[in-house]
Every structure is written in C-alpha cells, then in structure tokens.
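There are 6 protein chains.
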Amino acid sequence: MHYDLPLEEARVYRPPLAVPEDLGDFWARTLARIGGAPPMLTRVDSGLVTVESYDVALAGFDGHPVRAWLHLPAEVLRSGPLPGVVQFQGYNGGRGLAHEHVLWASAGYAHLVVDTRGQGSGWTTGATGDPVGSGPAQPGFLTRGIGDPDTYYYRRVYADAVAALEVLRGHDLVDPSRVVVAGGSQGGGISTSVAALAPSSVAAVLCDVPFLCDFRRAAAVAQTDPYLELVRYLAAHRDQVDRAFSTLSYFDVAVLGRLATAPALWSVAQMDLTCPPSTVFAAYNSYGGPKEIEVYEFNDHEGGAAYHRSRQLEWLAAL
Amino acid sequence: MHYDLPLEEARVYRPPLAVPEDLGDFWARTLARIGGAPPMLTRVDSGLVTVESYDVALAGFDGHPVRAWLHLPAEVLRSGPLPGVVQFQGYNGGRGLAHEHVLWASAGYAHLVVDTRGQGSGWTTGATGDPVGSGPAQPGFLTRGIGDPDTYYYRRVYADAVAALEVLRGHDLVDPSRVVVAGGSQGGGISTSVAALAPSSVAAVLCDVPFLCDFRRAAAVAQTDPYLELVRYLAAHRDQVDRAFSTLSYFDVAVLGRLATAPALWSVAQMDLTCPPSTVFAAYNSYGGPKEIEVYEFNDHEGGAAYHRSRQLEWLAAL
Amino acid sequence: MHYDLPLEEARVYRPPLAVPEDLGDFWARTLARIGGAPPMLTRVDSGLVTVESYDVALAGFDGHPVRAWLHLPAEVLRSGPLPGVVQFQGYNGGRGLAHEHVLWASAGYAHLVVDTRGQGSGWTTGATGDPVGSGPAQPGFLTRGIGDPDTYYYRRVYADAVAALEVLRGHDLVDPSRVVVAGGSQGGGISTSVAALAPSSVAAVLCDVPFLCDFRRAAAVAQTDPYLELVRYLAAHRDQVDRAFSTLSYFDVAVLGRLATAPALWSVAQMDLTCPPSTVFAAYNSYGGPKEIEVYEFNDHEGGAAYHRSRQLEWLAAL
Amino acid sequence: MHYDLPLEEARVYRPPLAVPEDLGDFWARTLARIGGAPPMLTRVDSGLVTVESYDVALAGFDGHPVRAWLHLPAEVLRSGPLPGVVQFQGYNGGRGLAHEHVLWASAGYAHLVVDTRGQGSGWTTGATGDPVGSGPAQPGFLTRGIGDPDTYYYRRVYADAVAALEVLRGHDLVDPSRVVVAGGSQGGGISTSVAALAPSSVAAVLCDVPFLCDFRRAAAVAQTDPYLELVRYLAAHRDQVDRAFSTLSYFDVAVLGRLATAPALWSVAQMDLTCPPSTVFAAYNSYGGPKEIEVYEFNDHEGGAAYHRSRQLEWLAAL
Amino acid sequence: MHYDLPLEEARVYRPPLAVPEDLGDFWARTLARIGGAPPMLTRVDSGLVTVESYDVALAGFDGHPVRAWLHLPAEVLRSGPLPGVVQFQGYNGGRGLAHEHVLWASAGYAHLVVDTRGQGSGWTTGATGDPVGSGPAQPGFLTRGIGDPDTYYYRRVYADAVAALEVLRGHDLVDPSRVVVAGGSQGGGISTSVAALAPSSVAAVLCDVPFLCDFRRAAAVAQTDPYLELVRYLAAHRDQVDRAFSTLSYFDVAVLGRLATAPALWSVAQMDLTCPPSTVFAAYNSYGGPKEIEVYEFNDHEGGAAYHRSRQLEWLAAL
Amino acid sequence: MHYDLPLEEARVYRPPLAVPEDLGDFWARTLARIGGAPPMLTRVDSGLVTVESYDVALAGFDGHPVRAWLHLPAEVLRSGPLPGVVQFQGYNGGRGLAHEHVLWASAGYAHLVVDTRGQGSGWTTGATGDPVGSGPAQPGFLTRGIGDPDTYYYRRVYADAVAALEVLRGHDLVDPSRVVVAGGSQGGGISTSVAALAPSSVAAVLCDVPFLCDFRRAAAVAQTDPYLELVRYLAAHRDQVDRAFSTLSYFDVAVLGRLATAPALWSVAQMDLTCPPSTVFAAYNSYGGPKEIEVYEFNDHEGGAAYHRSRQLEWLAAL
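Residue numbers (the UniProt record's numbering), protein chains in the order written: chain A, 1 to 319; chain B, 1 to 319; chain C, 1 to 319; chain D, 1 to 319; chain E, 1 to 319; chain F, 1 to 319.
The shape of chain A in the complex, shown without the other chains (with noise of 0.2 Å):
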C-alpha cells in the first residue's frame, strides 16, 4: 500500500531538520580517532576461480579491529589500476562468507565488502565485534549510548566506514580517484554519510533505500524495525525525546548528506515499509551532489534489487 506521501509530495519534502552547531567538530574529533595500525590481508581460497580475495582486518574507531573481504577480478583479468567499490551492509548483516557478495568484483572493481561492528547475526553473518557497551538500550543498535552524541554507537560506524574507504583507496592495484561507495537500507544510510565525511576520497555513491534518515518523521510512519526500536525506546523513555533526537541529528543522512559532492544514484520504494519513502526522499532532496534517483511504485523494501543492480553497472560503467 502506498502508506506515506504522495510521490508528487515526497519529491518536494524538505523537512527543516536542525543542524546541530558543532556537527563539524564533532565529526573533525571523531574521524581524528580512526586508523592506527596498516591493514592485514590474507589471502583466503573462496572456491571461485574468477574472484581472488582476501580476508582483511583494518583499523576502525579507536583502532577496533574492522572486518572485510577484499575481492579482486582473477589476475588474468586485470590489467592497469582498478576502480574500487566499498560495500557496507544493511543492518544486522555482516560481511557473510567469501563467495557470497562477489557482484562488482565480477564487473571488473576491487571489492571491498566490509562488515559493520557488532552486526552480522542476521541475513549475513559477520566477524567484527564492537568492544563499547551502552546505557540502557532497546535490543537491537539504534539506540545504544543515543543519550549522547560522543557515546552513540553510529559514531563508531560511521568513522569505521571512513577508515575502510582509506583502506581501499591505498591498496596497490587500486585507482583512489575512482572509488564508490554503495549499500542498501543501512549501508546506503552509511555511504552517503561516508560522501559527506569524506567527500574528496568519493567519486561516486550508490544510495539504495536507505536507513538513517529523517529520523522524526521515521519514527512517526514507519512500520517495521529497526526505526521501531528507536520508538519503543521512546515509548519507555518518554523524558528523554528531545535529547534523542538531538543526539540522531548528529547522524542523520538528511542532515549530513548535504556536505557530500560526489554524483549519486538513489533508489527509493514507494510501498517501503521499513524506510519510509518520504525519509529517503527528505535525504535526497537534501544531497549536495549532481544526483539521480529510481523510483519503485510497487516494492517494499527490497526496492529495485536485480533491476536495480543493471542501473548500477550501467550507471558506473558511464561515470
């Protein structure tokens, strides 16, 4: 059911989201803190013989160990500097195991599929844990230390996806001019936040349905987890909304996505139910760089996937 605006609405939303004065401190203090130690990369046989790759472990928020794969087309078929893409997940998946996400290796791009700390358990598993803990919390990640900005688990995240684009982009066979950041639901939430922290080291972004946006309005429309856990902590917490939501406004793509240059292709479903279409438009609207977006009238949250998947190597390969 088409739940949330009108398309002809939703493609004009700008809620006016407040932007917290210090946002660039607190995020020139936070990105200070990732990175330490040179990545580690090991060789793993993934029983594909088109695909070489490697598990890595890089150094994220205060130096936490970060898991990823590196993929790589086979050595017979590269030739010169490769394009890169730094893939982050959606939310409770992980990394999964060596063979499974192997699409833009397979387009010819040195593939970095990177797990997100403490996920991993659901869809996709994962290996990274996150060593910080929190004040009382909703079961589930999105509101773990949400009483402050400097103790909120997306600040680790997100700098952790900083540091892992890095990685990419120093890694030998790879061209750091020509490196994409791309994910869906949660990951595209993470990757355009990534553009907007980063924004020279990003050349292109690849946004699908994604998480983290709007957070109020989310809150209000959504029907479904994750935003519902953020609801429920609200529903018991009921003195601390204001502070909530003023710690998410630190994190939000809506928010921060107007700092990213990089062009950017979105997608977006209209009958989503977990990223309401109006949040995915109300961070759209806001993006700061040259930007396209797909929109699915009849899917959930799946949005556009395989279709989706063509536009993207169309849509990179044209770049």
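Rather than coming from a laboratory, the hints here were simulated on the basis of the structure. If a hint is listed, it holds; no wrong ones were tucked in.
Covered, in the sense of this in silico footprint (three residues per stretch, anywhere, with C-beta under 8 Å from a C-beta of chain B), are these stretches of chain C:
hint, region
1, 125-135
2, 140-148
3, 228-239
Per label pair, the in silico range of CB-to-CB distance:
hint, chain 1, residue 1, chain 2, residue 2, range
4, A, Glu8, E, Glu292, 35 to 41 Å
5, D, Glu75, C, Gln223, 44 to 50 Å
6, E, Arg43, F, Glu292, 26 to 32 Å
In silico contact screen, one side only, chain F against chain D (beta carbon under 10 Å); selected entries:
hint, residue
7, Met1
8, His2
9, Tyr3
10, Tyr296
11, Phe298
12, Asp300
13, Glu302
14, Tyr307
15, His308
No experiment lies behind these values; they were computed from the predicted model shown. Glycine is no exception: its CB is placed at the ideal position from the N, C-alpha and C atoms.
For this one, chain A is given, so just place chains B, C, D, E and F on it according to the hints.
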C-alpha cells in the same frame, strides 16, 4: 520451533508410499515428447567481466520454448572441457537477470540457470510461459491439472528439466560425463526427479530442502504455501482427495528418487515450515544413489544458505 | 477502519482514466469469438423440491465449454415467461453444488449460475477449466497474460459472461427483455462489464462491491488479495508496469462501464480492504445508466450481504 | 495442519468425563421452566415465492420470548403432514433475515430457524435478547454465569431449544414423529443436547463440527475463539478452574449425548482450529444412538459445507 | 505509527456532536435510581502492613451490589480527614485482589478501587456481576442494550460510579470536599462522566487515554477492541446504525464532559490504537473545567504509565 | 494451547544436561571480581508516604555501577531488624521509577529492586548501562558474548546480582539471615542462580516462570522472544551451535540450581509460550533445596500474577 518429527525419528522415517503400476510407462511416454528444435544461444552483456553469458531458448515438453541463461567462466579462464551445473529454481522464481546467478560459473563450471514454465514473478523473474491451461485450480501452480497425471503441471516441468540437462550435456565446451543437477526447494525436487528420470546423464545431485516430497504428510504438517495450495484445493474439492494424491504419486520425489543412482548431497532444516523436514527425510531415505545429508538444526526454509554453498563447492570439487 | 478516501470525496472521485483508442474494435473482435455449439442442458436432482435444476454446458470464448446451473421455480409455480438473473461469481469461487445458489430461482426468476473459467477451488467449487496458458504470472488469475489485451485472462472471462447472458435470454421459458446480470466482487465487475459490452441485452444490473475497477489506485491502496497479486507482479516485473496497466485499461470497469445503459443498483462498503471503496466509486461515478448505490459504512468486503439481498429483491420487483 | 490427535487415535478417544450425580434432576428442574404462552406466528413476505415464511415468537426458559422463522414449502407444493427440521445456529449468529436460511424448506421440510438468546450480531443477525445478566464474565457467552449450573448461560439456551422443538412438533402441518434437529458448531452441540434431553421427540440428529464438547481438552488444544474465551476466563480467575469445569459438566455434549437415542449423522474436520476434532470424537464416541460420521481431512471449521449438505439431504431422505 | 490526525489538528478538533434534548432529564432519572442500602465494609488482610484494607459492597443502579476495595494508609500514618481517590477500571478489568492497587493509599489518600459491573475477567479480576441482560449484542460490553439509552449497559455503569463516589465522600475518615475521580481508558471515561454528572462532588479529575469519546470517529479510526465491538455490531446490524449512535450520544464523554467543572489532568498517546488520540482530544477540548493534558508522542494505549503516575502525584499534591 | 509436554511428563522431565568440568572454578573466578566501592544510598521522594525510598548505586562485576531502589516501610512502621527481598527484573525491564515496585516494602520487608545492566527500555525503565561490548550478536542480550563463558553477558548479570544480595544483607536495618531473592522470568532465573552461587546468603527463593533454563530444549520449543534471539543467532551462525550451547551450560538454571539449598517457591504456566513449561520443570526438578511449585494451567507467561503474589506473601510469612 521443532514442530515436526524428532530428528532421530525423521532419520528413519520411510512412509509406505504407493508406486503407480505404470510409473515407468508414464515417464517414458512423457520424455518422448521433449525436444525438437536445437537450442538457440544468444550472447548477452550482463555487465560482468569474469563470466560469459548466453540467453538460451531450448525445446521442452511438446517443444514448448524454455528459457535459461548459460554462464561460462571468461574465455581466458577456460582450459579443456568444463564440468557443468544445471540449476533449477525455487517456487515462483525464474532464471532472473543475467547477472543474478553466477556462482557456479564463478567456480569454474558451465552453468545453466533454467526457468520453470509459467513461474518467475516472485523473488526472481522468469521469461518462460506455460501455454497449457488447466481445470479449476487453486491460485498457484501446485494444483494445476491435478486431476490426471497426463495434465498435471509438473509433468511438463520435469520434462523441461530433463531437456535442459541434455542441452548442457550437448554443449561443445562441456564434458557430458560431469554434469550436475542442483537446486533448492522446488529446484531440489526437480533436480532429484531429473536424476531419477535420466540416471545415466547425471553425475551428481545437489538437493536442498526439497519440495514435492511425500505429499500426503506434507499436506498434513506444512504450515505455509505452497503446500497449503494443495490443502486449500482439497478443502474445496472434498470429493477429489484420493484422485489428487493418485496423480501426485507420479511426481513424488520420495517415489521417483528410488530410481536415481548418482551421488547426492542433500540438506534439510529442522525448523522448515515450508518443506517439513520429515518429508525431506522421506525422500532422502528412499533415494537410490550414494548420499549424504546436512542437517541445519535451527533454520527455517533458508536452510544452510551460504554455509551450505561452501559445503557444496567442496563436495563437488572432491567428487 | 475507514482507510480510504472520506465518503464525501469518494462520491465525487472521477480519476482521468485513459480509454484505449481501439477499445471498441478490441471488444468487437473478442465477442465475435464466443459461442459455437448450442448449450447442453441436463436435468439434475439437487435434493430440493421447490426448484428445478439443470447442469448447463455452454460455448464461451473460442467455443470453450463453460459450466453453469440453471435453476427454475418448480413447474407448478411457473406461469408465463420468466424474468431472468445471470449470476457471476466472486474470485476463486464457482457455481458450487446444485443446491447452493438458489435465491433468485426461489424468488421466481430463471436463474443461471455461471462458472468463471479456471476458478472454483475456493469458497465454492467450479467445473470449468481454462485451456489457455500464459506467460510468467503471479499465482492467481489477475496477472495471467497481462502482457497483452489479446492474451489477458479476463478477455476470455468477459466473453464467456456475454455468452452466458445470451444463453439465458435464448431459453424457451425466459423473457429475453427482462434478464438481469448480477454479482458481487469479481461477479460485480463482470456484471457491469457485460452490461457495457451487450447493453441491449441487459435489463438491469446488480453490482456489489465490484472488483476490477480503477486498477492503478486499487494497486496503490488495496490491502488484501487479489489486488495484491497485481502488486506482487509489478514488484517482480519492475519493467512491465506501464505495459500491465495498458492491458488492464481494456478491462477496467471504470472505463467500460460508461458504455452501459441499463438501470443499476450498486453497493459499496467503506471498510472494504479487498475492493477499496474509492475504486468502486470511480466505476460507479462513470457508469453510463441510471443508478443508485447503497453505502455500508461499517462493513468490510462482505458489504450489505443479506440486508442488501432484501434491497435487491425489492428493487428488482419494483423495476 | 493436523495439529490434534491422529485420526486413528481420535476415532477411539473416550475421555473419562465425570457425570454429575444430579444431572437428571438438574435437567428435569430446568425443562420444567420452559414454555408458558403459545407460540405467536406472523406471516411475512421474504421476497421468495417458493417458500412461505412466518415470524415466530415462542416461550423459552422462564417463558422468555425466543424468535424464530418458520419456513414451509409454498402451499401448492405441500401434501400431507410435513417432516420437520429445527435448525440451531453457530456462535454469535442468529436466525438472520427471512430469506437467508431456506434450504430445508426448499427440500420439502417444515423448517424452524431458531435464534440463540443474546446472540445474533455476527455472520447472521438475531432478534432474541437474554434478559438474564451474569457475574463477571469474559466478553462473549461461554463464561456467563459459569460459577453455577443454575446460572450458566447454556442452561437457558438448551431449554429454549427444547421448547422450539416442541413448537415445531405441535404445528398443525407437521408430523411430530418426523422432526429432526440440526446445526453446525454451536448449533451442532445444541442439537445433540436436545436429542439427549428430549429423546422421544427427536427423529434424527444432524450434528456438524459441534462446539461444547469435552471442555477441558477443548481448553487445552483449541486455537481460536470461542473456546479461548474459556481459557481467558480461567487465566484470569485462577481460583475458579475446578468450579468452572464442574458447571460445564452439566452441559458437555460428550456427557449428555450418551442419553440420546435417535439416529445421527455427524461430521468432523481434521484441521478444525475452532472445535478440535478430538473433542468432536469424544462426543461422537459417547453418543447413545445409531450414528455415522463424515471425516473431512483437509478442512478447518467450515467442515463439509455444501458437500455435507448434499450428504445430509440424501441421508435424511433415506431415513 | 502516527495514524490519526496530526497533533496540531487534534489539538483543535471539535466535532459537532449532537446533544440529546433530554440529556439532563435522562441522567436525573437515572441517578435517582442509585443507592438504597448503606455500604457494607469488611476488614481484610491483604498481606500488607502499610495499608489497611476493606472489602466494600455498595448499592449501585437499582440498588445492585457493586464491590470495591477501600484502602487507607495504616492507622499510625493517619492524622485528620483524608483526601480521597475513587479509581475506575479499564475495560475487562476489575478491582483485582486486595494487594493489587494500593498506589493512592500509599500516597496518603483514602482510596476506593471500584469494580465495573459484569467485568473483571481480564488483566485484573472483579467480583461484581450485572444482573441485567440485553438484546442481541456483540460479545463484550460496549453494545449491550445499545438499542435504547434506558437499557444501555453504561447507564448502569455511570450510575454505579456516582454511587461509589458518594460512598467514599460519606466515609468518616474522608474529607468530602477533597475527593478525586481517576482512571485510565474506560476508567478515564467513567471518571470524566462522573465529574459531569456530579460536578459538586468532585474535587479533581485524573483522566488518562479515555475510552467512550466521540463514538462515530472512534468507530471509523480505532484499530483494536473494544471500539471494534461497536464496528462489528454495526457491520451486522446494518439497519441500526443511527439508532446505536443516538443511544451512544447520552454516554459520550465528549458530550457529557462539557458539564464538568472540576480541574482535570488528562493524558493522551499519539500512537494509541485503542483510544484514538483525536477522540481523546474531542473530549478534552469540550471539557468544561480547568484542564491540562500531557501528550505522549511515541506511546500506544499504555500512555504515560509510571511517568504519568509521578506527574499525577505531583499535580494532586499541588492542587 | 498446551503445546509443550503433558503435565505428567513435565513433572518428571530431567534432561541429561552436561555440567562443565570447571563450573566451580569459573564462578569462583567470576565472583571474585564483584564489588569494590561501598554502595551509595540517596534518599528520594517517591510521592509515597508509607514507604521510604533510596536510590542505590552499588558495585557489580568489575566494580561497574549497578542501580537499584531500596524501599523500606515508613520509619514509624519499623521495629527491629527487617527481613529483606532482593527483586530481579524480567527481560528488557529495569527498576522502574521510585513508586513502581513497592509491594514487598508495603508488606514489611526491606526491598531492593535491582537493575539488569544494559536493560531497562521496555515495560519498566532502568538506569544501569553495561560498559562491555561484544562480538557480533543478535539484537537483544541473550547472545552477547556467547562465544565464551568469560565474555558472556549473563556472567556479568549473575555477578551483579550476587553483589546486590550482599548489599542488602549488609544494610544496618536488615537481618542478613532473612534475605530472600525473588523475580519472574529473567528475574526468576537470576534469583535461582544467585541462590546457587551464594547458597549461604539466601534464606529463600521466589522463582516465577523462570527464563534461562535448559537452553537447548528452550531453543527447540519456545515460540517467542527472547529465546528466539538464540534461535536466530544459531540460524545465522550455523557453525557456532555447539560452542554457543557450551557457553550457555555455565549459566543454565537447570545446571546451576542443583547447588542451591534454600527453600524455594516456584511457579510455572502451562500455556507459557515464552518460557516453555518443560524447561521450567527441567530446572525445578534439579533444584537442590526444599521446593514447591504452583502450576497455572491456563496461563501464558503472565503466570500466577496477583494470585501468586498472595501465595508468596503467605508462604514467606510462614517460613
């Protein structure tokens, strides 16, 4: 929840299923009607560089066109005749887009991804219609033409599948003695049936959480579609119960599988609400060839997923 | 819940639906293909003494056999030519058993209860198959052959319905100038379409909570099957959206109904989750003949049920 | 799903249900309180020409008015005393409108369609109130007055039903030796109870998927209302469990039915979530008269529906 | 989800509800029928040492016995006349066990916890029956006797509530000028109605997420029981819609509340699926006395719960 | 529905659970890490006059701060050392607000209401964080750190609970020989574990519908969260099944409880979908001290609720 037989009982569950007297004749008559025109292959650009893809139209039951993708490892990666995998699809799915299913080609196999006629409007799309109609049937495919083995939908599907197997075996680059049939759910049921109907053409079987097994128990214990299509049909046509099960006995993987001889790797999930584990064991226990089964104790119909894919890659490589 | 347009808006809702240029030609071509053999009537014993019943096989689209029951008031109750009612069925239902639908015969009408081809495995059973297959389609009937008006399932259904109407009009005991078409849900949509396609043959229309109206809005707001079949089809075949709606425009009751001229009594339910009230009003507001509509404020798809049956008995008696 | 006992176990299931010592006295006292004023019959126009209908008000328990429809075959179709059918209703239903339930009259029976006091706001409507209140009860009827057999709701309902039976037997056009009691679900339970409480007045019983049988097992295995009303009552009133079941033992069809002597045709559905098949067999197995039972293997609470209606028409005709 | 009116619209929502001409007479006649015997108080041991408890039986409408608990702070904690709180219960609940509801006594109030007649088989139990029956009604209490204000269930409930208020006011230890009425959901609706019917006896009102407000809108937008009882009743009795709403207008908190004069603290929850926030605002906006309302933005029907209890403790202490 | 073992089987159900060889060492090592700073108590005004309340911060595992409320009967009601109750919370709850949980103080006990670290965003709120992170885990608490007993979440929780017990025993007004541990669901599991880990400090145990018992069976039969968190974790991490259950064996109440010696009153609910009754009996049957169990035959996870509270008040008073 473990709602079906305890594992120790399931492991020895062998229902006394009736074997139709004319089973051999029926299938001989049926398979005589496949084929006709030679397959047509058209090179396509899937956007991938590691895999070479062809759009295939082959002649199935009564010569009806059946569509498939043929994926080969990129030419530079090939040397000598290729082993092959024919992959059949889950219920309501199809061959998808050209870049969607390339695992086995990425692992070095000639890989034929075959449509199921009339299906392909679900999780993946198809391009193959079924020109044959039916009597009154429940929405879905499971009860179409169920009044008689001659008109039953899966007669045409199994025949198409045998035709597809022979097409891959006949390809110039393929070693016909090393062609495997594979699939999950409906695709698992079809794979095993093909191995039973064309035993000398099949080198191995990969059969995951198969559908189309031990229909009467399936109707009694399954909790989701598509077996519930059968339940609803029988609930409506209260006077057709015996007739329907009589028809189904010609297509039951737990009946046909006795005729198979190829080595097989199966999987079953103990919390599978769609294909109850007891029905999978009914078929596994009667399977005619050498066999192993992986039991996924806490999985629903997704079964072993990527974990089992690793297991299959190893098992096939070691064969 | 009143989830659709407020009643005052629905009462004036007239969506600007496209009328295919060749609509008249298409239906002329189609109706030219009905009939052939004369109907075959076989007296049956339904167990009832007040009604005389016949099993009817009539020639529908391309002469395909369509089954129906003909019920007449017991001979001793008849005098002079009888007015008639042709009753079409709701989705997934059929003519049922001989004693199931005898209201109109009990009220003194010659009553033809007509199957819908391929359907009849739901709340009532049918005896009529559909020998025509289709391309890939969603389980169900709504998307079969949706790629082209010529292959679309409801082309055959509407044509069958016109054929049935003429069969009843041609019966010796029936007054051909006093034959009514009637039905609820799918049966309502068929009734009105028949009144549009054969305006001079229809004396009146009883159209309850009709299906098959204003498809694009229906897809956007309906909350249950069968409209969700269409949504799922479009969700899978993301590149076929316009083509599908183009096909549907030949069958939309809100498009066709403008051509009807007979007086009509409609009903609509404001909490109808299956056939959204706005889509019913879209069709009602465009209906070409004299018309009345009963609004059932707190009913779901059951609509007026027995209360509305009383209303219809009176309305028809007074016509 | 077949969630209850396997059929072979259900067929011999005979729970050791306690019979209250004063069961006979209780019902003798109760039946002494029915009746009073003679029934009032008012001719109504149902809109049907094959059936002649009367609005009946008869005196039930304590003389409370109970409403019913009396339907007769049209006068011209009648010759000699008519056999009769007294039909009791399913839970939350009522006699409906005058044209709704005319099957048995159409089949040649004098047909009394009796309200259930206080009910009639569901699938069919009623016109009979229950002037008696109750102690705290779960919303619904099943737990009203459950603290004592004297105040229990079904005491009044069973008594009303016996009164209705005698009204039809006393009608001028009816043969009192050929009156049948019939009903499904609650109506099945009432029918059998009437046959037990007035064995010499009942010629036969038609009892479909009966409610009100083997309450303790019903509470343990039923998955839907109305038995869940009892579960919720006992969940709240944890100290009233034994008292409630003690009251129910006076009304349990599996207890009372032993006293019945008339031939009976029963039906049961193996997937009945509302009236678990084991509880139906508990009552059937203890039934005192000659008996047959139809088992519907794949049906939920709808049971045999129209198919079973045909079976009943034949069975009654052959009696 | 915020499914109802936006907050800014709800804050000014004032539906034009009809006020029955004889509203005053009706309630004067009604209240004249309460009382009779003096209340009977029996000391009980609740197991608590801080609170002194009494089992109360008081005379409600037509003198029917209504049960309550009276809790007082332990004697050693008392000095001077006590302020009082009369607490009414949510739907299907009751006064519970003696130790269950002692908040207000623990806070120093004489605390009367009053049953709702016939209810008390849900989340808390009751001990008060309703000796009055009704015409056909939906399972539940909301539609009992809905055909006429004189027979409607809530006539007796509101009258009982006024009687209970006067019992507490008449207690020796209580200051009759400082007695508050309080409750949530149904208890909120009753509290406000009591404040309207006995304005000079009520010192303040605590009204949380009230039920029984603006019935027509409630029926149109509520998504759960008990308002859906009304919807189902109207869905069945299609010809009784106006009559039912006419009856309800005598009991609508949005109609009666205009007559109240005491200061009131209300609460509303924006995600309340049971008592839609717009209906709460309809009543709040028409309330006759000084008033404040707390809005819980992310709560369903649980509303402010313990947080709001703190707010109430402070608000009452400051009055 | 009674979906689990029949009561008679459950009463003797004793699964052969493995006891880790180093169980004693593990817990000795663990308990050595609790405490540090003395507890800090701050008087708060809860709004109640019968109870005196303190906000407590005590040192739990590794000295992490754990928050609790200490409630005492008002000073004027106290004489001599008080018996004590330490109350642990259900999953996702917390100590709540100061006025929320005062039953035991109202009954004359010194009452410590203890937070569960990291929890407290559900039905009641908490104020205690968990500063320790984890590897990839399912949203929720049950699988955090499940890869090793040393990192498992409940290691810290059980240790905190022992620390809280000693804090109450060390309070000036409390008789350390008369301190009881109590709780329902998770709180029941913690209570019994504390009685096992500190047997000489516990005077009695009140354990209701406990969680954390017989994990492998719980995972196989539970139908709701939180046990389904474990199922989902194992469904994702198919290769970690044995490792996870190995970790859980250090925390299983059915393993630890053998070490307890205090008298205990348990309760179990036969329709408990959250904590299956068989798993409760597995723990009860292995419990080491004198014991009684109340069986609530028709309750889900709410169990005996207020009825059982009365039972506990009496049982404790009689101890």
